[in-house]
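Asks: With chain P fixed as given, assemble chain S onto it according to the hints.
The listed protein sequences derive, respectively, from chains P and S.
Residue numbering for the first sequence follows the UniProt record's numbering, beginning at 1 and increasing consecutively.
Residue numbering for the second sequence follows the UniProt record's numbering, beginning at 1 and increasing consecutively.
If you're looking for bench data, these hints aren't it; they were derived computationally from the structure.
Where a beta carbon is used, it is the ideal one built from N, C-alpha and C, also for glycine.
Hints may be right or wrong, so weigh each one.
Claimed, not checked - Beta-carbon label-pair distances, calculated as ranges:
1) P/Arg-58 <-> S/Asn-83: 23 to 33 Å
2) P/Pro-24 <-> S/Glu-228: 26 to 36 Å
3) S/Ser-357 <-> P/Met-20: 27 to 37 Å
4) S/Arg-106 <-> P/Asp-108: 48 to 58 Å
5) P/Pro-57 <-> S/Ala-64: 24 to 34 Å
6) S/Asn-83 <-> P/Pro-24: 38 to 48 Å
7) S/Asp-333 <-> P/Pro-24: 17 to 27 Å
8) S/Thr-218 <-> P/Arg-58: 30 to 40 Å
9) P/Asp-108 <-> S/Ala-9: 14 to 24 Å
10) P/Pro-24 <-> S/Gln-670: 55 to 65 Å
As the list claims (entries may be wrong) - Straight-line Cα separation of at most 20 Å, EDC-like style, residue types lysine to aspartate or glutamate; simulated pairs:
11) S/Lys-503 <-> S/Asp-514
12) P/Lys-111 <-> S/Glu-241
13) S/Lys-676 <-> S/Asp-665
14) S/Lys-465 <-> S/Glu-414
15) P/Lys-111 <-> S/Asp-238
16) S/Lys-676 <-> S/Asp-238
17) S/Lys-174 <-> S/Glu-250
18) P/Lys-111 <-> S/Glu-235
19) S/Lys-92 <-> S/Asp-514
Chain by chain, the residues run as shown.
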Amino acid sequence: MSLTILAVDDSRTMRDMIRMALMPAGFTVHLADDGIHGIEVLEGIDPDAIITDINMPRMDGFGFIDAVRDQADHRATPILVLTTESSPELKMRAREAGATGWIVKPFDPAKLVKALQMVAG
Amino acid sequence: MSDQNDPMAEIRASFFIECEELLEALQDGLQELDDGSEDPETINVVFRAVHSIKGGAGAFGLEALVRFAHRYETVMDEVRNGNMHPDSEAMKLFFLAADHVSDLVRACRDEAPLPEETSKELLARLDELLGEQGIEEEEEASADDFQPLGVAFSLDLPDMDAGPETGRYTIRFKPEQELFATGNEPQMLLKNLCALGEAQVNCVTTDLPDLDGLAPETTYIEWLIDLETEAAEPEIRDIFEFVDGLCMLEVTGGPDGPTPKGEGTPDDTPPVETAAPDPVTPDATPAPEPEAAAKPDKVVEMKRGPAENSKDGGDAEPRKAAAPAPKSVVRVDLERIERLVNLVGELVINQAMLSQSLDEAGLSPHSDAMNGLEEFQRLTRDIQDSVMMIRAQPVKSLFQRMSRIVRESSAAVEKEVRLLTEGEATEVDKTVIERLSDPLTHMIRNSVDHGLETPDERAAAGKPKAGTVTLTAAHRSGRVIIEIADDGAGINREKVFQVAVKKGLVAPDAQLSDTEIDNLLFLPGFSTASQVSSLSGRGVGMDVVKTSIQSLGGRISITSEKGKGTTFSISLPLTLAVLDGMVVNVAGETLVLPLNVVVETLSLGADDVQMLRPGSYVVRVRGGFVPLYDLGVMLGYRSQRKTDAGAIVLLISLEDGNRAALVIDGIQDQRQVVIKGLDDSFYRAPGIAAATILGDGQIALILDPADIIAGVGNPRGGDFMLSERKIANE
Chain P
1 MSLTILAVDD SRTMRDMIRM ALMPAGFTVH LADDGIHGIE VLEGIDPDAI ITDINMPRMD
61 GFGFIDAVRD QADHRATPIL VLTTESSPEL KMRAREAGAT GWIVKPFDPA KLVKALQMVA
121 G
Chain S
1 MSDQNDPMAE IRASFFIECE ELLEALQDGL QELDDGSEDP ETINVVFRAV HSIKGGAGAF
61 GLEALVRFAH RYETVMDEVR NGNMHPDSEA MKLFFLAADH VSDLVRACRD EAPLPEETSK
121 ELLARLDELL GEQGIEEEEE ASADDFQPLG VAFSLDLPDM DAGPETGRYT IRFKPEQELF
181 ATGNEPQMLL KNLCALGEAQ VNCVTTDLPD LDGLAPETTY IEWLIDLETE AAEPEIRDIF
241 EFVDGLCMLE VTGGPDGPTP KGEGTPDDTP PVETAAPDPV TPDATPAPEP EAAAKPDKVV
301 EMKRGPAENS KDGGDAEPRK AAAPAPKSVV RVDLERIERL VNLVGELVIN QAMLSQSLDE
361 AGLSPHSDAM NGLEEFQRLT RDIQDSVMMI RAQPVKSLFQ RMSRIVRESS AAVEKEVRLL
421 TEGEATEVDK TVIERLSDPL THMIRNSVDH GLETPDERAA AGKPKAGTVT LTAAHRSGRV
481 IIEIADDGAG INREKVFQVA VKKGLVAPDA QLSDTEIDNL LFLPGFSTAS QVSSLSGRGV
541 GMDVVKTSIQ SLGGRISITS EKGKGTTFSI SLPLTLAVLD GMVVNVAGET LVLPLNVVVE
601 TLSLGADDVQ MLRPGSYVVR VRGGFVPLYD LGVMLGYRSQ RKTDAGAIVL LISLEDGNRA
661 ALVIDGIQDQ RQVVIKGLDD SFYRAPGIAA ATILGDGQIA LILDPADIIA GVGNPRGGDF
721 MLSERKIANE
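Excised from the complex, chain P in its bound form (with noise of 0.2 Å):
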């Protein structure tokens, strides 16, 4: 099944894997820098989750889920962190910002495949 993906990082790198992780499983990608540019893109388009960094210039992660939240198009959108920090603190911040769920980095294609089907398939 086809999803429809935001993905936002501030890393080229990091976009260009999560593109090249989820378009041959047929998922629409689309790409922000940060939080501002996420909220900007996000308003073109309707995605069936959200994945997001946290680290980033502008605004972060959690500003950025705050803000998706606040929309009511969004308030349940499945968010999925992407972070190569695994605190339980930052869990936590993240979950309380709104954030559906997390994906440690380095991550495994197949997997954020399968994490993203899990939230929002």
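Replies: Only chain S this time, still in chain P's reference frame:
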């Protein structure tokens, strides 16, 4: 570089390019911090740079890089959180660590041996900075972080190794309010659960109030699932990992254990039979809608309320157009641009050919062909400018490399040195930047090693203990000027002279001006260091620097003031490819002069020329006098003419302020010429910068006016060619 067909290799290659950018940002950030910036965003930038490098490195399994970047990041995180204030010692370590990250990145990229010793040493120093507590946290975190797990939770389907033993589980699941706030959806969880095996899902609706009592966004129901599966309990729990703590979850039963009947299952709840969907594509089968089937509609309504999912029905919707891309950047192999530049060069030559043959055909300047040619010329120029812009790059990366050289060389000679940079945004052709790296490195080392005094000497001279090296880049009249200035003691001219005498480079009784003495430094084999230090003595002298600058079509000069410091000034062409030239005739030869140095053309009257002394003339231009040189004589094409009256003169002005008048026989044209370098197989003739191919296929030499004037011995400096000749005679 990368296998074009392998997307992974491509991403890997682009990762290393990104690393370069991140390293640049890292250096900038550290520099700002070092300069006393208190902006938290600066620390953030530094943190993120290291963090992103680590993230990418992890994706490509570059473990050494990940390990080091992680520790570095941890320290930066401490700084970011305000737990640590970096003092100057810490800043030094941060810089070293940044240098090391850059080494690691390069080693990984080139698959070269990793500098493990340095890694160890720096890791130890970072640990020291973190203190004990930091390390403890660190160990824990790294153990957690860096197993190449991929995802933190296992989404694997029943594992064959675990044995295909079927077990029966009873799962009790009651979502809490917060579950919905995080975008989790019980339906998805149940679906994933069903995918594990044969499941019977029962919805417990006993807590469900009447419609009137319904509070939206409140949870009233729980589910009881009987699951027959080959999966083990952890797998079942993994499904609920994201909602751990956001729901009540009980998993009982297992492969061996008796299957507890769901005691909590109220009889009035109709059981829902669900077949396990295809485990690989759980979505292919019509998803079981336990709630929908099991509950009154209002329940579904209620559940959907808070968890209203925008995807519903969205799959059939046509996909919307891609979001506007951020400013898109194409990364291109330099070779391809190189080819384009060459082609443009050919185009310029071709256009010159065409223009020449149309000229010879004697067409009217108003003919269509001539108009078309004009348009063609304009387009050629535009294309050429655009191509050059592709290759233009700010000198920033080069300057950053130099800051590292300063750090390393100052540490080696135990001096404290600050590097100031100006004009980092100045753009220069990429090739020029690359080829400048070695000469600049050498000159920076020189400044640190020879230019600056020791801290004690500086203190004695009433200067701050830390020396300053200033690196400046600027555009000036179509060229790039790069200056390396130190605030050291200046050139010790007596010593330079003595050394030169000792080495037999000049006669002991030679009378040399200050400039001439300074220029002795550029002589092959000259070194003022009485002892070969670890920095100098790499077999490279200033003569090599000079040669490499000249091979770039550049010039180098020195100015020095005793006690104040020394400045090396490099002047370079903006590009190595095309030049706006003035094509002139001298003694039957065709020559090209860079157009940007030509101020005006004059026709000489007999009264305009004054003789200073035999063989040395000046010409009166607008009330001033400018030295007059006959190009034909200087280049050895002809001997001195009796009178210069009536001759055509080009007044040239150089970026160093020198002016001169050059006698020529005629002006042919003003046009773009393609610079063809004269490689090493030719003797480097003073005054000749390069060659070009004209429209008729003829080869013409491109002159370097500054070099020509210097070669003649201009009273205002740049006497190197003269002294060289003098020395050769002696």
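Asks: It remains to establish, for every hint, whether it holds in the given structure.
Replies: Now for the hints, and whether the structure bears them out:
In this structure the hint that P/Arg-58 and S/Asn-83 lie 23 to 33 Å apart at CB holds, the actual value being about 25 Å. About 33 Å separates the C-beta atoms of P/Pro-24 and S/Glu-228, a value consistent with the hinted range of 26 to 36 Å. Between S/Ser-357 and P/Met-20, the C-beta spacing of about 53 Å breaks the proposed range 27 to 37 Å. Under the hint 48 to 58 Å, the C-beta atoms of S/Arg-106 and P/Asp-108, about 27 Å apart, miss the expected range.
A hinted range of 24 to 34 Å for the beta carbons of P/Pro-57 and S/Ala-64 is consistent with their spacing of about 27 Å. With their beta carbons about 43 Å apart, S/Asn-83 and P/Pro-24 fall inside the hinted range of 38 to 48 Å. A beta carbon spacing of about 25 Å between S/Asp-333 and P/Pro-24 agrees with the range 17 to 27 Å that was offered as a hint. In this structure the supplied range 30 to 40 Å holds for S/Thr-218 paired with P/Arg-58, their Cβ-Cβ distance being about 37 Å.
For P/Asp-108 paired with S/Ala-9, a C-beta distance near 18 Å keeps the hint of 14 to 24 Å intact. Taking the beta carbon of each, P/Pro-24 and S/Gln-670 are about 57 Å apart, inside 55 to 65 Å as hinted. With a C-alpha separation of about 19 Å, the suggested pairing of S/Lys-503 with S/Asp-514 holds against the 20 Å cut-off. Only pairs whose Cα atoms come within 20 Å are accepted, and P/Lys-111 paired with S/Glu-241 is accepted, the gap being roughly 14 Å.
Annotation: proposed proximity of S/Lys-676 to S/Asp-665 is violated, straight-line Cα distance about 24 Å (limit 20 Å). Taking the CA atoms of S/Lys-465 and S/Glu-414, the gap is about 12 Å. The hint holds against a cut of 20 Å. For a cut-off of 20 Å, the pair hint linking P/Lys-111 to S/Asp-238 stands: about 13 Å separates their Cα positions. Proposed proximity of S/Lys-676 and S/Asp-238 is contradicted: the alpha carbons are some 67 Å apart, above 20 Å.
As the CA atoms of S/Lys-174 and S/Glu-250 are separated by approximately 9 Å, the hinted pair is consistent with the 20 Å bound. For the given pair, P/Lys-111 sits about 14 Å from S/Glu-235 by alpha-carbon distance, which is consistent with the 20 Å threshold. The straight-line distance between the Cα atoms of S/Lys-92 and S/Asp-514 is roughly 39 Å, outside the 20 Å bound, and the hint therefore fails.
This entry does not satisfy hints 3, 4, 13, 16 and 19, going by the numbered hints stated previously.
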